[in-house]
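Visitor: Each chain, written out:
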Amino acid sequence: MEYWTILIGAVFVNNIVLSQFLGICPFLGVSGKVSTSLGMSGAVLFVMTIATTVTYLLHEYVLVPAGLDYLRTITFILVIAALVQMVEIVLKKVSPPLYQALGVFLPLITTNCAVLGVAILALGLENASLLKAVFFAVSSSAGFALALVVFASIREYLELADLPEGMKGVPINLLVAGLLSLAFLGFAGLV
Amino acid sequence: MLKTFPKGGIHPPENKITSGRPIRRLPAPKVVYVPIAQHIGIPAEIIVDRKDKVTVGQVIARSGGFVSSNIHSPVAGTVTKLDMVVDTRGYKKQCIVIRTDPKDPANEDLPEEMLKTEIAMAPEEIRQRISDFGIVGLGGATFPSHVKLSVKEDQIDCLVVNGVECEPYLTADHRLMLEKSQQILVGIRILMRALGVTRAIIGIENNKCDAIDLFRKEVAGNDGIQIAALQVKYPQGGEKQLIRALLGREVPKNGLPMDVGVVVHNVGTVYAVYQAVQHNRPLTERVVTVTGKSLQDPSNFWVRIGTPISDLLEAVGGVPENTRKIVSGGPMMGKALKSTDVPVTKGTSGILVIPEGEASRGEPRNCIRCGECVNVCPMGLEPHLLMNLTEKGMYEKAAQEDILTCIECGSCSYVCPSHRPLLDYIRFGKSISRQLATKTAQQ
Amino acid sequence: MKPKRRASTLANMVLVLLAITLAAGVTLGFVNQWTLEPKAAAQRARKLEALSSVLPEFNNQPVDQVVRLAVGRDSIEYYPAYMDDTFVGAAVTGYSEKGYSGNVRIMVGFEPDGTILNIAVLEQKETPGLGTKMKGESFIRQFRGQNPSGFDLRVEKDGGEVDALAGATISSRAFCEAALMAYEAYVDQQNAQPDK
Amino acid sequence: MAQALKQNFLKGIIKENPVFVMLLGMCPTLGVTSSAFNGLGMGVATLFVLLMSNIVVSLIRSQIPAKVRIPAFIVIIASFVTVVEMVLEAYIPFLYEQLGIFIPLIVVNCLILGRAEAFAAKNTLLDSAVDALGMGVGFVIALTALGATREILGNGSLFDLRFVSEDASTFILFILPPGAFIALAYLAYLFNRFTQKSA
Amino acid sequence: MTDSILNSIILLGALGVIAALVLYVVSKKFHVYEDPLIAEVEELLPAANCAGCGFPGCRAFAEKLVATEDISELFCPVGGNEVMKLVSETLGKAVAEKDPTVAVIRCQGSCEVRPKTSEYQGPKSCAISDLIYSGETDCQYGCLGDGDCVAACSFDAMYMDEATGLPVVITDKCTSCGMCVDACPRNIIEMRPKKKRDLKIFVGCLNEEKGGLAKKACSVACIGCSKCLDVCPKDAIVIENNLAYIDPAYCTLCRKCVPVCPTGSIIETNFPPRKEKVAEPTKAESDA
Amino acid sequence: MSDQPIIVSASPHVHSDRTSRKLMFDVVLALMPALLVSLYVFGYSAVITTVAAVVSCLVFEYLIQRYILKTPVTIGDGSALITGLLLAFNLPAGLPVWMVIAGSLVAIGIAKLSFGGLGFNVFNPALVGRVFLLVSFPVQMTRWPTAVENNTRLVDAVTGATPLGMIKEGVQFGETMSQISTRLPSHTDMLLGLTAGSLGEMSALALILGGIYLIARKVISWHIPVTVLATIALMTGLFWWADPEQFANPLLHVLSGGAILGAFYMATDLVTSPVTRKGMVVFAIGVGVITVVIRLFGSYPEGISFAILIMNAFVPLINRYFKPKRFGARIKAKMV
Amino acid sequence: MGSIPSHTDVFVHSGVVSRVEGHSVTVTLDQNVHCESCRAKGACGVSDGAAKQIQIDDPTKTYTRDQPVRVVLKKGLGHKAVAWAYVFPFLLMTGTLILGSALFEEWLAGVLSLAVLVPYFTGVYALKGYFRKTFKASLQSL
Ligand SMILES: Cc1cc2nc3c(=O)[nH]c(=O)nc-3n(C[C@H](O)[C@H](O)[C@H](O)COP(=O)(O)O)c2cc1C
Ligand SMILES: Cc1cc2nc3c(=O)[nH]c(=O)nc-3n(C[C@H](O)[C@H](O)[C@H](O)COP(=O)(O)O)c2cc1C
Ligand SMILES: Cc1cc2nc3c(=O)[nH]c(=O)nc-3n(C[C@H](O)[C@H](O)[C@H](O)COP(=O)(O)O)c2cc1C
Ligand SMILES: Cc1cc2nc3c(=O)[nH]c(=O)nc-3n(C[C@H](O)[C@H](O)[C@H](O)CO)c2cc1C
Ligand code: SF4
Ligand code: SF4
Ligand code: SF4
Ligand code: SF4
Ligand code: FES
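Chains as they are written, first to last, in the working numbering: chain A, 9 to 199; chain B, 26 to 468; chain C, -4 to 191; chain D, 6 to 204; chain E, 228 to 515; chain F, 113 to 448; chain G, 47 to 188.
So that you can see chain A by itself, here it is in the shape it has in the complex (with noise of 0.2 Å):
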């Protein structure tokens, strides 16, 4: 039951882009394509987890321990800036053609605030252990993904409407997000 509430939470009720405002720069950023968007989620879920579950033991088992709870910003952003540069020597390395693929079908993964948001966030979570932190990161990704995805297909959708002049590119995106989380609102709520 908890670990449900965890998922509709970071889903659907407070979701992580549309009412935790965490990972705006990609939500808004990413080109409007939806299959880029679905490649995006993926990416952006391995790195979430493999993120969380780091820096989580390295709070726990280093930090904590060592009365260095005020090093949480500096260390966790340097082990997220590492990871995903590992994640990426690690691919090409392996396998140089997986690689390439990734290379042309997705947008340079960037660590961007909801990585670091997420591991922050689950550190705080009610009787918190690893297992919970790890299903929150996936459970946020999820929302991420949801958000996405969506508005990557209102985008692809807005690009052939008349917008009026001056409401183009950043306005009517954040309306769009504006209204998406207006109408979440009524999953208020649920947990």
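In short, the hints are calculated from the structure, not lab data. These numbers come from a predicted model, not from an experiment. There could be a bad hint or two in this list.
Simulated pairs of lysine-lysine, DSBU-like, Cα-Cα distance not exceeding 35 Å [as the list claims (entries may be wrong)]:
id, chain 1, residue 1, chain 2, residue 2
1, E, K443, D, K16
2, F, K390, B, K28
3, B, K55, B, K128
4, F, K330, F, K390
5, F, K435, B, K417
6, B, K242, B, K177
Model the placement of chains B, C, D, E, F and G with the ligands on the given structure of chain A, informed by the hints.
Guide: Then chains B, C, D, E, F and G with the ligands, alone, in the frame of chain A:
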């Protein structure tokens, strides 16, 4: 249940006001203007010169290649000029101008020949004859007919004869079927022999019951020729829809009827084949419906190719005062003319005169995504999307959405409650997509 | 024009990065030391501020005399206040898990006879504009001067006397539950130490 | 020279405004601006980190081998963020609580804002300081404007000064998440219209 | 107490060393070579991304410039000679100098001189109406007036003149990118050398019909009468398909042809007003 | 020939006599029975709310198009009229007029014209307006005047709870359905529209009548309304079957709240619903499921507005994956 | 008419040839193809590997350094690549974590779930041949 194709289609008011009018003959016009590009494919090459004397049926322009066709003089007379004449789009195109010799008896109407049912020619000869005698599809596309007959053995198992005439107003095929039913049946047998098939189906819409009954009576179950009555639905006459309706076969995307073992010919074409094979008459005339609610005397005519449309309009009592639009062809697929100085060509099936009140298009408004266009598109396309993509210059995407499979039936523009000029844009998008496709093919 | 940059040799890279991280480590370590005090002080100050807003004037150190009581899944705090050694009242915290979103935690100041002096909201995550109005004067006002022994600390909908916040009955209910918890704890505390 | 500096400063405010034009640092922009004060606080915190780290990077830029620029930059920014975090907790605890998770996220934000600097690291101390100042001020202005808009519409107040009664109905939506997006959408729209006209 | 400081130093130091090591390995394995010249050249280009150079954008053009040895065929119409000179300096490769050009509209068929003979109902797009038919007038060569060229110009250098129904080029804004030339389905727009003071003389007509027909469709049509050809001292004029064309390569802007045209088909731009009737030959020459 | 120049245009040269304007006015006509019921039930306050919504929608459309966007004014096409009517239908009668106007501004200005006007909006304008008001003014938006008794008074009618509101509250208090149902109005009352609720959602009967008219006129197809209601009935039926003391019966769910109004008039908005029949069914199932989830487990007693808005967001995705079958797309045609 | 060579079922990414060794061409990808709508593309990206390099074998044509090219990849392959690179290892990780949490202490389970990636990627390495065959990209010169 009458047969029909399953998805899409519309039923506009039929307005077949001339269906009871027998086909009349017009006297040979004083001058004919014979364009050299009357068919799809390579234009023919002129082989006469100024001042040459020509007679009816003489080749005056020779086929320019395989997908091309001979052109024969429709009258006896003198070539006065090799000039330009406006085509249906209003662009000047090369034509041969022939002044009719009023004294030449060949210009008088030939007596009706006796029906000749014996077929003497071998398949190969038939094909050659059809090619030599300038026969192209009279159903609208003017595709050289011999090309369609050049098929591999056993590739085709059925000949479909298109007597649907689904366009509102037009009655040329209908009248032809009533008046020349036996000749058409012979023509069908000729084509069956040329194709080596034992089965043929004539598809006729149910609003031409008299023609259906007549054929049924005359076929009397022999020869492997079937008559199929079809539900009245536009564009039933489109060959892909017709094949689907009659045989349940679906011509694959980007494919041809022969991919599903079928060849489709219009009844007019079949009659022309009969004339060519049995009576040595090349294609120099055709049936044209001159119609319109405002006309005094709308009629069907046997018209010589090259006759100016103005002559035809004269023959029905002149163009009424309130005319705002003149269409060559039917209201759904015809071309609006800028002037009546356009000659009748092999592809002219009708002339439609539209009065003031009905001539203007509605003001286009925003698409409300009602999906009507999607519902009626017989090709399963999304016209509103195709138009939008074209409007925004996203041609690649449009090609991905199969814009090239649109048969330009116009059903979408017909139903759109917002009066969107869907087909205008789709046509444009198709032309660009085709250019893009050839460009990538070249790479 | 362009300044010459150190080459990216392994030694250089390790050394420079090490230097930077060391510097960062030292700085952060020191800043942490330096802010430990103020951080604690800030927390204390906040508590004191809450205390003085709900209590009559006092001159003892209630924070040092705090009594922690385990109630439900969490604990609450009892801060006695004295003016020159006379008991002038106590501030008791109360919480409820039934808030619209998350816990509601309040601090109730009681006069010795149990009359509510004032209430301060310590923690709430209610919806801005709805539940958050529990911090507002017009809501708190109705509790002042009421003694829960004669004032039904339940919202009207549940048969009590508290006029719920419009559109936020749930928050109001949670608030009342927390207030009641505080009152009961106060009464218990008084009974346990009748001298005070 | 002075002219160039001024230009450099102004571009961060208008032409390359990080929020309205560059769409950077959207998370804090949307997340913490439910009131003008929060927006201002976040803006200033970011400005401080950006300015300080740009100065430090610019000072030691010639000492950093190219390959470790990024980690070095991360460490420097993260250190300043941590300082801000601790100082806020100690001295403005109220703001610390309001900004919550978005304080550590300043790292990511500044990393992006300061990327040009990190990447090229070719500017002098003064230039990069001015650049950071411009960007930072642009960020402060945007956040404060957004916070103010949302607070006025959603709460009927500005910097906690109420101008409608506590019980009056205000457009609560604007202090809820959707309101953040919607308000920013229209601010960006106005910004577009305004800059397009003047251009 | 100081433990904490010590710990933090150790932890961060360790992280720093690890990061440095990782990055060292990365830098060995991931060496990226990009010619810095590309970026430099890109800086020089106008960043209009108009594709006037024949490449998808300025970046692609820069790549091409750096990659190819002989760049004398390549030209950025927007930046013109100035930019190409800078590029040449940067790359040390020779560039060809080109006369700056500007778009001209070779049609004068305003509503007044070219009567409408039909009314078009359909999308306001030259490309589409061209596909459907030959235009609202009897001239099948002239401007359709739906403004595709104006829409194609990304520099706001064109507008539709309400009175004439024809597009107008604002010479000063025109960057000679050639987008309008591509957009016009009737090939009415030509890029002509800008010359000094933007002096130009050209035939404002494309009608290839015989004189009478052309004149009937449009009173300022070129009727192919050869009068201009006869007076041109430099043989700059050719007549083909009943239509005159003035080759800018030979034209010396002497203006002799202009007054002899019986239909007024030849357009001169930016010349000072002519003296009454026949101008003195000396005057005309000094203009050249 | 006429003295005006001859007209040239591409084919086709004939057109059906359906126009989008006629479509819109059919919808207005279909809404009339329900409006009449509401006028009877709520009296003056319904008149005020309806007029305020309709007039302000039209005025905002006019002002924004004329002065801000500087595009042709399209208030004559009837769509803003529908938006106004449906917005009013979704508000409690007697909502303060300034709130109605604010809702109209949001509906027309934000949800419709910001996207480029008729046909381009992703979300249903009337519902965006309604939800905006609901979230902003939860108190006023849930103050339902009770029916009939008060229909001649101008202000401050006595308020009562909607059937769904009673259930939600009851369940929160831990009551069982049999306890709650004593307070609920009868099904007949709901059918006729004699309960508390939004202005236009009152009479299921009148709404269905109009809906049938729309289907008969082919303005909408039956797929969306039938699927939405069937999904609601099925899902609530399942829960009810599992525990009738905890969950209300499906008939009640279908008849109460905005289910019928939403299913027939709002989920069917041509612009914001899928284009193909298959897509419509998927969309409608989504609307039904989300509605039930919100009603049974969320904090709002009624969820169809949110459900429709959420599914609106999925429409581009649905249109993308549920395309009509292309003619000849089957790989190899079968031989007969 | 025939079928149209569909140029739309592919992803196209532009780049520059940065090295040529025999038939093996190394292409440095422009980073912003998918970020075209992002205003911050110039400033984006934390990792230093902003310019991705990929190797492609193309025996048919010759390329020169700094030549702008387009890399073309069949569309379905993108998702397949994502699955192999991210989704499968993710599933493996979470699977191990869940299993590990039931059996061992938390930290051990965590470390195990990270460690399991080593054999996974070794496996991927072993499947080199398969990947080479599957993920074929091709080059187009501009
Ligand atoms: C390039 C080309 C080749 C064709 N080849 C054949 C063919 O081999 N057999 C055939 O039956 N029809 C062939 N057709 C004719 C078409 O099937 C069709 O009959 C013609 O385009 C006119 O059809 P419509 O009047 O329905 O538009 C060909 C058409 C084209 C354009
Ligand atoms: C929309 C549409 C409608 C058509 N309607 C008819 C028709 O009613 N009668 C007809 O003979 N051909 C019609 N055609 C042409 C047929 O598709 C086909 O080209 C013709 O029957 C082939 O015969 P032909 O080559 O002898 O002309 C139509 C084509 C299209 C695209
Ligand atoms: C987005 C949202 C936020 C809400 N926030 C609160 C809240 O903070 N406090 C609260 O008591 N009720 C809140 N509610 C309302 C409750 O769900 C419930 O409807 C309300 O408390 C009923 O109280 P009433 O009888 O006073 O209207 C919220 C509802 C929604 C949809
Ligand atoms: C069947 C039908 C239903 C409609 N439903 C709505 C609706 O729910 N809300 C609304 O604002 N407009 C509605 N409209 C009007 C119009 O489609 C709407 O204003 C557009 O969404 C605006 O672009 C409807 C129109 C029709 C024809
Ligand atoms: S898209 Fe083409 S095939 Fe479909 S209805 Fe329109 S014209 Fe006919
Ligand atoms: S029929 Fe017209 S209004 Fe309806 S979807 Fe098609 S284009 Fe749009
Ligand atoms: S007028 Fe033509 S050539 Fe000149 S800038 Fe505009 S599009 Fe380019
Ligand atoms: S010049 Fe060409 S593109 Fe421009 S309006 Fe005339 S026809 Fe159209
Ligand atoms: S600030 Fe950019 S992703 Fe959050």
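Visitor: Would you mind marking each hint as holding or not holding in the structure?
Guide: How the hints compare with the structure:
Taken as a hint, the K443 (chain E) and K16 (chain D) pair is broken in the structure, with Cα atoms around 59 Å apart against an allowance of 35 Å. Proposed proximity of K390 (chain F) and K28 (chain B) is supported: the alpha carbons are some 25 Å apart, at most 35 Å. A threshold of 35 Å between alpha carbons decides the hint, and for K55 (chain B) with K128 (chain B) the separation of about 11 Å falls inside it, so the pair holds. Distance check on the hinted pair: K330 (chain F) and K390 (chain F) sit about 17 Å apart at the alpha-carbon level, within 35 Å; holds.
Proximity of K435 (chain F) to K417 (chain B) is assessed by CA-CA distance (about 21 Å); at most 35 Å being required, the pair is judged to hold. With a CA separation close to 33 Å, the supplied pair K242 (chain B) and K177 (chain B) stays within the 35 Å bound.
Violated hints amount to a single one, hint 1; each of the other numbered hints is respected by the structure.
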